[in-house]
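Participant: Protein chains in written order, with the numbering used here: chain A, 1 to 377; chain B, 1 to 100.
Worth flagging that the hints you see were computed from the coordinates, not collected in a lab.
Here the structure is a predicted model, which means the values were calculated and not measured.
Do not rely on the hints blindly, as some may be mistaken.
[Unchecked claim] Below, computed lysine to any residue pairings styled on SDA-like, alpha-carbon distance capped at 25 Å:
(1) K240(A) with V73(B)
(2) K15(B) with T68(B)
(3) K47(B) with D186(A)
(4) K15(B) with K310(A)
(5) K132(A) with A67(B)
(6) K15(B) with K63(A)
(7) K253(A) with S4(B)
(8) K15(B) with T244(A)
(9) K71(A) with D90(B)
(10) K253(A) with K47(B)
(11) K71(A) with S4(B)
(12) K240(A) with E157(A)
(13) K305(A) with R114(A)
(14) K15(B) with G133(A)
(15) K232(A) with R14(B)
(16) K15(B) with K305(A)
(17) K15(B) with E151(A)
(18) K310(A) with L159(A)
(19) K253(A) with R114(A)
(20) K232(A) with K47(B)
(21) K305(A) with R74(B)
(22) K15(B) with T266(A)
(23) K132(A) with L80(A)
(24) K212(A) with K253(A)
(25) K15(B) with G329(A)
(26) K232(A) with S4(B)
(27) K132(A) with T68(B)
(28) K305(A) with G329(A)
[Claimed, not checked] To spell it out: a stretch of chain B is covered by chain A in this simulated footprint if at least three of its residues, at any positions, have a beta carbon under 8 Å from a beta carbon of chain A; those stretches are:
(29) 27-40
(30) 50-61
(31) 74-84
[Stated by the list, open to error] Incomplete in silico selection of chain A near chain B, CB under 10 Å:
(32) Q131
(33) E151
(34) I165
(35) V169
(36) D219
(37) A241
(38) T244
(39) D247
(40) N259
Where a beta carbon is used, it is the ideal one built from N, C-alpha and C, also for glycine.
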Amino acid sequence: MFTQRMVYCILPPYLLREIAQRGSPAQRASAQRAIIAAEQVRSQRRTIQANSAPMEAVSAAGKQRYVYDAKQSSVLPGILVRKEGAPAVSDPAVNEAYDGSGTTYDLYYAIYGRNSLDNNGLKLDSSVHYQKGYDNAFWDGQQMVYGDGDEDLPAPERLFNRFTIAIDVIGHELTHGVTQFAANLDYSGQPGALNESISDVFGSLVKQYQLKQTAGQADWLIGQGLFTSNVKGVALRSMKAPGTAYDDPVLGKDPQPGNMKDYVNTVEDNGGVHINSGIPNHAFYVTSINIGGYAWDKAGLIWYKTLTEKLGNQSNFQNAADLTYAAAGELFGTNSLEQNAVKAGWAEVGIIIGGQTQEGCFKATLRKLGLSGLLKG
Amino acid sequence: MRISYERSGGFMGRKLNFSVDLEELPNDQAETLNRLLQQADFFNLPKDLISRPVPDEFNYIITVETATQSHRVRVSDSSMTDPLRPLLDDLFQRARTGKG
């Protein structure tokens, strides 16, 4: 993808701008696309360079964390401020990114035997202080990126704290990397919501692992501590009770469903990936509670095996239910307590093991009516 | 001229929508926005700058309507270009504070 974009850079930018202004309509459009591609490449190039060189050198060397300071700009990764083995610095965001990615690495390595995101010692790059007033965090395909929340607003107007403050958010972002190297679930619709849910599941497990909490002791919240005291809410999401994490005059109400009957059909947010993730989230919570003990031991192992060995990039909720059920059978035996817990977990959110998917029903109905042609194009 | 800003996605999945009529703004602010639109070469931008979805980043849809033309551009944090960024920053500050 990047190679293809780099080709556009052969023409110097001033020439492209000239064409964009004076060429034929087709030439203008083409030149405009090239200018934009070049601009996008310029802003991405530093990230690529920073990632490509040391990557081979550190493989199989264990935990390799690098934390960068973006200095409130959009340029990634920014300036290196702490690397593996270096002592803590005075900036809490840097230390949180360092420690949180370390605990995430430890959970995957100690419990599931996975050596980093790619299972081949990939180094863990994090950038903190991304932009100003950036109330968000994301995985850009190569590294974690964290904003400082509403640090630039007067205290009474702030809604969000810095995003490194919640270790489950760090685990969530890194798990997007694991998913990318494993099932590589499409980031859209049900596969996208499943992608999101898997990040919440392992993000929460990272927090539970750090606190040594059983399923019964855990809060099952995502992003607890991110809201300032100005917000009426406890966290961004609740796996225990989707839809109850916040209800605030400015932010509105937590929109997450916890059952298929409340599935939200929308084109926004890549098809509601952060909304409908509440459904598989709650299935994991119920499964964990039914099994008992530390959730990462058994429920987490079932989900991990499913993610790394069974799911594909188009898998939907029904597939996830069927495949976690199969994985539980392989790990703990057919009709075992664990396998029945998985079945009960999905039943609680309205998904029956071996049932027909919503899409399946829809397509079957169209076929019966002789309208299958509507599905094409 | 009317400018609409729609932000969606992000870790929280919360929408942030905002629109402003330049005619209703103080002259200096309207001039600033006009300058930022020109700097971005807005009306010549492709409709969709996003080449791949990036987990948890924000997606933005910017729509500009004038008496003679209308243009809508979709962009995200990682697909943002330097000429377009100042416009998005300005609109974000207006959107989050609700000030036109």
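Participant: With reference to the structure, classify each hint as holding or not holding.
Facilitator: Here's how the hints hold up against the structure:
1. K240(A) with V73(B): violated (38 Å)
2. K15(B) with T68(B): violated (29 Å)
3. K47(B) with D186(A): Holds, because 22 Å separates the two Cα atoms, which is no more than 25 Å.
4. K15(B) with K310(A): Measuring from Cα to Cα gives roughly 33 Å; hence the hint is violated.
5. K132(A) with A67(B): Distance of about 34 Å is beyond 25 Å: violated.
6. K15(B) with K63(A): violated (37 Å)
7. K253(A) with S4(B): Holds, at roughly 24 Å.
8. K15(B) with T244(A): Satisfied, since the Cα-Cα distance of roughly 18 Å is no more than 25 Å.
9. K71(A) with D90(B): holds (19 Å)
10. K253(A) with K47(B): Cα-Cα ~32 Å, so violated.
11. K71(A) with S4(B): Given that 25 Å is the threshold and the Cα spacing comes to 29 Å, the pair is violated.
12. K240(A) with E157(A): violated (29 Å)
13. K305(A) with R114(A): Holds - the C-alpha atoms of R114(A) and K305(A) are around 11 Å apart, at most 25 Å.
14. K15(B) with G133(A): holds (16 Å)
15. K232(A) with R14(B): holds (15 Å)
16. K15(B) with K305(A): Outside the cut-off at roughly 34 Å; violated.
17. K15(B) with E151(A): Holds, because 20 Å separates the two Cα atoms, which is no more than 25 Å.
18. K310(A) with L159(A): violated (40 Å)
19. K253(A) with R114(A): violated (37 Å)
20. K232(A) with K47(B): violated (38 Å)
21. K305(A) with R74(B): Not satisfied, since the Cα-Cα distance of roughly 37 Å exceeds 25 Å.
22. K15(B) with T266(A): Measuring from Cα to Cα gives roughly 12 Å; hence the hint holds.
23. K132(A) with L80(A): Distance of about 19 Å is within 25 Å: holds.
24. K212(A) with K253(A): violated (31 Å)
25. K15(B) with G329(A): violated (41 Å)
26. K232(A) with S4(B): violated (28 Å)
27. K132(A) with T68(B): Not OK: K132(A) and T68(B) at ~35 Å, beyond 25 Å, violated.
28. K305(A) with G329(A): holds (11 Å)
29. 27-40: Coverage by chain A is violated for the segment 27-40 of chain B (0 residues, Cβ < 8 Å).
30. 50-61: With 9 residues in contact (Cβ-Cβ under 8 Å with chain A), the coverage given for the segment 50-61 of chain B holds.
31. 74-84: holds (count 7)
32. Q131: holds (8 Å)
33. E151: violated (13 Å)
34. I165: violated (13 Å)
35. V169: Nearest chain B Cβ about 7 Å off; hint holds.
36. D219: With a minimum Cβ separation of about 18 Å from chain B (threshold 10 Å), the hint on D219(A) is violated.
37. A241: violated (17 Å)
38. T244: violated (15 Å)
39. D247: Violated, because the Cβ-Cβ distance from D247(A) to chain B comes to roughly 13 Å (cut-off 10 Å).
40. N259: This interface hint is violated because 18 Å lies over the 10 Å limit.
Going down the numbered hints, you'll see the structure goes against 1, 2, 4, 5, 6, 10, 11, 12, 16, 18, 19, 20, 21, 24, 25, 26, 27, 29, 33, 34, 36, 37, 38, 39 and 40, while the others check out.
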